[in-house]
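Undergrad: As a plain string of letters, each chain reads:
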Amino acid sequence: MTDIIVIVILVVIIGLAVRKVVLDRKRGVTCGSCPSTGSNDCHCD
Amino acid sequence: MMRIALAGNPNSGKTTLFNAITGSIEHVGNWPGVTVSRKEGNAKKQITNELGTVRIIDLPGTYSMSPFTSEERITRDYVKHENPDVIINIVDASSLNRSLFFTTQLLELGVPVVVALNKWDLTGKKSIEIDTEKLALELGCPVIKTTAINDKGLKELLEACSRVKGLSQSAPFVGIDFDSVDKETLIESDKKRHVYVNELVSNVELRKESSDNQNLNDKIDRIVANKYLGIPIFAVILYLVFSISQTTLGPFLADYLVGWIDAFYGFVQTLIGDSVSPLLSALLLDGIIGGVGAIVGFLPLIMVLFFLLALLEDSGYMARVAVVMDPYLKKVGLSGRSIIPMVISTGCAIPGIMSTRTIRDDRQRRTTAMLTSFMPCGAKLPVIALFAGVFFQEAAWVGTLMYFIGIMIVVVGALVIRKITGDTTRSFFILELPEYRFPSFKRAFISMISQGKQFVIKAVTIILISNTLVQVMQTFNWNFQLVEEGMASTSILASLAGPLSILFIPLGFGLWQLAAAAITGFIAKENVVGTLAVVFGITNFINTEELVLVSGSGEVASIMGLTTVAALAYLCFNLFTPPCFAAIGAMNAELDSKKWLFGAIGFQLGMGYTLAYFIYQIGTLITTGQFGQGTLLGLIGVVIYIGFITYLIKRNEQANLTLSSEGA
Chain C
1 MTDIIVIVIL VVIIGLAVRK VVLDRKRGVT CGSCPSTGSN DCHCD
Chain A
1 MMRIALAGNP NSGKTTLFNA ITGSIEHVGN WPGVTVSRKE GNAKKQITNE
51 LGTVRIIDLP GTYSMSPFTS EERITRDYVK HENPDVIINI VDASSLNRSL
101 FFTTQLLELG VPVVVALNKW DLTGKKSIEI DTEKLALELG CPVIKTTAIN
151 DKGLKELLEA CSRVKGLSQS APFVGIDFDS VDKETLIESD KKRHVYVNEL
201 VSNVELRKES SDNQNLNDKI DRIVANKYLG IPIFAVILYL VFSISQTTLG
251 PFLADYLVGW IDAFYGFVQT LIGDSVSPLL SALLLDGIIG GVGAIVGFLP
301 LIMVLFFLLA LLEDSGYMAR VAVVMDPYLK KVGLSGRSII PMVISTGCAI
351 PGIMSTRTIR DDRQRRTTAM LTSFMPCGAK LPVIALFAGV FFQEAAWVGT
401 LMYFIGIMIV VVGALVIRKI TGDTTRSFFI LELPEYRFPS FKRAFISMIS
451 QGKQFVIKAV TIILISNTLV QVMQTFNWNF QLVEEGMAST SILASLAGPL
501 SILFIPLGFG LWQLAAAAIT GFIAKENVVG TLAVVFGITN FINTEELVLV
551 SGSGEVASIM GLTTVAALAY LCFNLFTPPC FAAIGAMNAE LDSKKWLFGA
601 IGFQLGMGYT LAYFIYQIGT LITTGQFGQG TLLGLIGVVI YIGFITYLIK
651 RNEQANLTLS SEGA
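Sequence order for the protein chains is C and A.
The first sequence lines up with residues 1 to 45 when you count with my numbering.
The second sequence lines up with residues 1 to 664 when you count with my numbering.
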């Protein structure tokens, strides 16, 4: 396995993680047991 | 599309009905006040049949339409201003008398109402007979029998909604408009409504009181809610929960998971071999797989714990804990009402802090929002499990102790805040105790899966990003050159955490690695474990062969360079300083005051530091015969903290004295 492949793997993994965090923040969902999960008036973040 | 709002008294089963109709897995609790904001979802296709899309809105429980608390306001505003097509009024069939008061108010709004006579299964057990046809006739709306926990009556309920949609119903009792009258007139009107409801119930309900049934509940309550026995019983139950989740079943399951993570680590290591640069290899193996794996390894412990806590909550026991704690909390200016946010906080502090909005008294609400995060949440459990396993032979008592320290800090904190604010108002706490019932394994399983899923998502997102950053900061120095072997203290991470670690010398953990882990813990508490794994190069903390969780491991302990006493101090520091940033954000929203927010953060920082200081210094004195390092430096910090609090209390007392002398 070459450096390039590992770099691609790292970029994909970290990119997906960042994407998920950003999307969740936009949706206002930060916690599973939060009573507002999924609703628009969540202000956890 | 048909829009249906679910409204009813607290603990009538609204969220259970909402979950049953929509297939959601919203958190339900066998006590009032779990839902504090509205939730929406579409009804499942197998229930709606030809009804088309049915949108369900779950509203918080309320006893009346009078806007006294925020959850009452949410319900009232929604029903009055957003015009749902139909309202399903969930009525606890075993408690008609209390529930129909709200029903008669709903029927006045002009929106078609369908009454769901929920918990129908309990009527048989309690020998209650209800003439549902007569009730429907008296109320002027359809009445459908439902048992939400068994998915019974759901189809009939939605069909009834479809039938009444667009029709007008006449209210059987017309009161006054509570927006346009004063409180006294409202009370008078409510009295008349009560009389009407009592007559109505006596016409449709026949109760053959089952004294055996009542006595069984009472008998159990006499023991578990006893003034003297209540707390010891709670301690024993908590200890058992921790024994099962942290020392027996949890680690047993964790062994398998860690084995798989290890195998995966080995597989990737073999795959990349020596052909990849050491930096990239370390990032992938130690930063991502090792760091995330170290936390995910604790997943079975967390899931077992949440399963057991869900069983306890579902059985009705947790509501009794609130009653048991009430007299003690009342003495420090709180009430049993504050217990509900604290119990919710054992899952996650964010919903716990949010649920404080149901507390009416402003100071009590803010105090609870400020203190509730002291209860160890799910994110803190891996930290507890790691230290309990590595440094203490019996892991179970460590976890139990942390919960009780959390409660003690809440009590002390509430007392201090009461003294500082000078508010001596005593509040009353009325909680409707749910019936004891055999807990549902299905609901506990759903709760466990939901918590587990969130734990994993957090591990592969926030924790993964944090671990990668920690790995990068540990690998490079400020000139972005690779840190040479043996020169770890020149890394970016060490230079950032190093100066702070001086402050931790009096607490027994002056290493920059431990300081770095504590700091990353503010992003998410699981990060403490993840960062320790990355900075010390330990890929897993639960290894059946080398690092048996419950038997302690000198190896890990020696790598961390901590004594047992210092480890306990470090654990307490991480648990009882401010929570993660997300929880601080929730605190900011609920406290609604920058003064309170900064006061809360300062109080939490000082509390964690002081507690860790005393544990380390006194513990070291007892175990070695002399104080630990940095006694004087730490003492200065502790004296400043305690001195400042004393000053605030004295200032308030002085202000009160001045006021009373002016009054005289």
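Just so you know, the hints here were simulated from the structure itself, not pulled from any lab data.
These numbers were taken from a predicted model, which means no experiment stands behind them.
Heads up, a few of these hints could be off.
[Claimed, not checked] Cut-off 30 Å, straight-line C-alpha distance, at most; resulting in silico cross-link-like pairs (DSSO-like, lysine-lysine): (1) C/LYS20 - A/LYS44; (2) A/LYS80 - A/LYS192; (3) A/LYS165 - A/LYS152; (4) A/LYS453 - C/LYS20.
Undergrad: Now tell me if each hint is right for this structure.
TA: Results of checking the hints against the structure:
1. C/LYS20 - A/LYS44: Given that 30 Å is the threshold and the Cα spacing comes to 27 Å, the pair holds.
2. A/LYS80 - A/LYS192: 23 Å, holds
3. A/LYS165 - A/LYS152: Holds, at roughly 22 Å.
4. A/LYS453 - C/LYS20: This hinted pair holds, its Cα atoms lying about 14 Å apart.
Taken one by one, the earlier hints all hold for this structure without exception.
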